[in-house]
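Undergrad: Guided by the hints, dock chain B onto chain A, whose structure is given.
There are 2 protein chains.
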Amino acid sequence: MVRPIGPMKLALGALALGASLFLLAARSVSAFEGVVEKKVFSLPSFTTDGGATIKNLRVGYETYGTLDAAGDNAILICHFFSGNSHAAGRYSKDETARGYWDAVIGAGKAIDTDRYFVVSVDTLANLNTKDGRTVTTGPASIDPDTGKPYGMRFPVVTIRDFVNVQKALADALGIRRFVAVAGASMGAMQAVEWGADYPGMVDRIIPVIGVGLEADPYLVATMQLWAAPIRLDPHWNGGDYYGRAEPLEGLAAAMELVTVGARSPGWAGRGFGRKWAEAGKNPAQAFDNRYAIEAFVDKAARERARQYDANSFLYLTKAVQLFSVADRLKRVKSRILFITSRSDLLALPEYTRKTIEPLTAQQVPVEYYEIDEDGGHVDGLLHIDTMSETIRAFLDQTP
Amino acid sequence: MVRPIGPMKLALGALALGASLFLLAARSVSAFEGVVEKKVFSLPSFTTDGGATIKNLRVGYETYGTLDAAGDNAILICHFFSGNSHAAGRYSKDETARGYWDAVIGAGKAIDTDRYFVVSVDTLANLNTKDGRTVTTGPASIDPDTGKPYGMRFPVVTIRDFVNVQKALADALGIRRFVAVAGASMGAMQAVEWGADYPGMVDRIIPVIGVGLEADPYLVATMQLWAAPIRLDPHWNGGDYYGRAEPLEGLAAAMELVTVGARSPGWAGRGFGRKWAEAGKNPAQAFDNRYAIEAFVDKAARERARQYDANSFLYLTKAVQLFSVADRLKRVKSRILFITSRSDLLALPEYTRKTIEPLTAQQVPVEYYEIDEDGGHVDGLLHIDTMSETIRAFLDQTP
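Line by line, the protein sequences give chains A and B. This note's numbering puts the first residue of the first sequence at 975, with every later residue one more than the last. This note's numbering puts the first residue of the second sequence at 975, with every later residue one more than the last.
Just chain A, with the same shape it has in the complex (with noise of 0.2 Å):
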């Protein structure tokens, strides 16, 4: 795979350029092309955060590039909360469809799979149960003590575990330890867990439209009212639902809060408007004449509901209520790149902001950069490509 040699590489001098050289010929065979697979991480057992123990547990995982000898070139990504391992690639050279941030993960890119050998996990209790790729332990998993699948009785699963997931699996692959630590919301949550709890193994972390160091008490409500459509749904009943009619109502209600709730006001009037949803129906004469942006919503959150399981909804609501670590923040060495949304309604830049001050007070080297676009919390996957230098000068720097 030949790539050009960009600035950042010839400000490096005739040295490193030399032994970039080298490693991109010695890597020629395994280069990565951008075809990916999911593959399997398996534990007999696992202990959570609360103290529970999770049998069998086994999470999907990609990986792009090739780990050096020295285990030390590795970058871990996190996935939001919706999301899943899928963060670069194609599963097939005729898919167009790419992982979310495959916009800076790939070969000569700002995380650049030529240098680094990515690594992405699916979380636990992770939504994507019916998608066909992600593999994924939680309550909608068999409980291999009674042969049924868990529903609410799964244990309550926080970042934390998710991360110590991550941190089994490094360790299984020979990682010694992560250049960087990403990810996108929830995911830069895990970053930011990372810090807090392997501060020796992670040299940097970048936590992109994340909420900083902890859930603020007004994200802990959001989390609630993401949830109470699916309590509401008749079908849920309790979180037994498997093999029977799901809540998918109440799980597409609830999707539609995610969907709406990640976007803005820019995002719906440049493709929107006040525009009806069919011609001829106009909104003011009957009740059921909608908008247009009421049926994309509609649609568009009853698509995603069909993927996901709603129970798995549930605990990571409750994961990121969870989540603080508010309590270990001296613990956090790594140097910071923090990423938000400037029209980011769901994790507010404030967030993010108000924790400057105490990590600079420790010490910890920060930079803020904001993605300045009016698309709301998406901007952090969808225009993500705009703080592609900035994510590359910060993989260059001294940790």
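A portion of the hints provided could be inaccurate.
In this list, chains with the same sequence are indistinguishable; a pair is considered to hold if it fits within one copy or across any two.
[Said to hold, decoys possible] Here are the simulated BS3-like cross-link-like pairs (lysine-lysine), alpha carbons at most 27 Å apart as the crow flies:
no.	residue 1	residue 2
1	Lys1104	Lys1292
2	Lys1249	Lys1328
3	Lys1273	Lys1292
4	Lys1292	Lys1255
5	Lys1292	Lys1249
No lab work stands behind these hints: they were computed from the structure.
TA: For chain B alone, coordinates are given in the frame of chain A:
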């Protein structure tokens, strides 16, 4: 009622001062003492914006102060989504609670009941059908044609309909023109609608925590989210629930969305932080253990829901979605005082800010102020006192 004569008044000079003292003396018998009563306004037939007929329309209203013989000292106060016409005063001398804008409405206050005749009217489809005070005609009312509650057969009603009912009441009371029409949130929409519908009758409008000239498509989607839990509740039953189990769970979930949406991280941090709902019940240890903010939101929403009608909630979300005077912008002539709340996450200040340019471009005098508090949307109610002198000065300007 003696009140200090403020600097504004002094600035008007000796002649005005004399006139003001004369008016004070003339009104001393009927001066507003803060005890108010709900009155009822009836219309045998009302034609909605959409062409439907509502028979035997009844709405409650309150007045504070005395109408001049010329009928030109009136100020109309329009209420917010979950509000009613109780804008100021109290229903008895024993009552401690006062109307929501009592801080700025009363003798000697910014909206001075010694000078102005203040009127406030319950909207159609008002939420508060069970509070024992509000009088409204909406989906919970009996349809005279069938003898049964309308339910979802009640016609779609709009902000413009609310204004037209107020106009009919104003005519009946002998009000020739309004010194100002003011309102918070959905009340701001009514104030703007007045400016567009009856420009010759309204000298000034004061939209507080409003959304500018129309419901932004993002707000249209937000209203869809608010409505969803009610439709999810099996007790909703297509709107036919009167006389049986009502969709209280769905309405409570909807009110959770309203409650949190109208607040802010500043409020959440000050009031709750990450405190647990109950000592010894760590939210990390069981799925149903909650944070204090969750318990508060749940309780507050349920208490509010008990006073409200679920169908009326749906009708108000529809009315908000339909709000737009963009097509009648050229008709607006009134002097405008826009007041937003800096930390508002619902009626984003940007909605109002972007309307300033088109209005000033057509020579409408516009002033814009932000309430500089961190409590969110409700600061337009809770901290309206910070705008007292701004409102007082605005009302004293030549229209």
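Undergrad: Taking the hints in turn, state whether each one holds.
TA: Hints, one by one, checked against the model:
no., hint, in the structure
1, Lys1104 <-> Lys1292, "within (21 Å within a copy, 35 Å between copies)"
2, Lys1249 <-> Lys1328, "between (39 Å within a copy, 19 Å between copies)"
3, Lys1273 <-> Lys1292, "both (26 Å within a copy, 19 Å between copies)"
4, Lys1292 <-> Lys1255, "between (41 Å within a copy, 15 Å between copies)"
5, Lys1292 <-> Lys1249, "between (37 Å within a copy, 15 Å between copies)"
Going down the numbered hints, you'll see the structure goes against none, and every one checks out.
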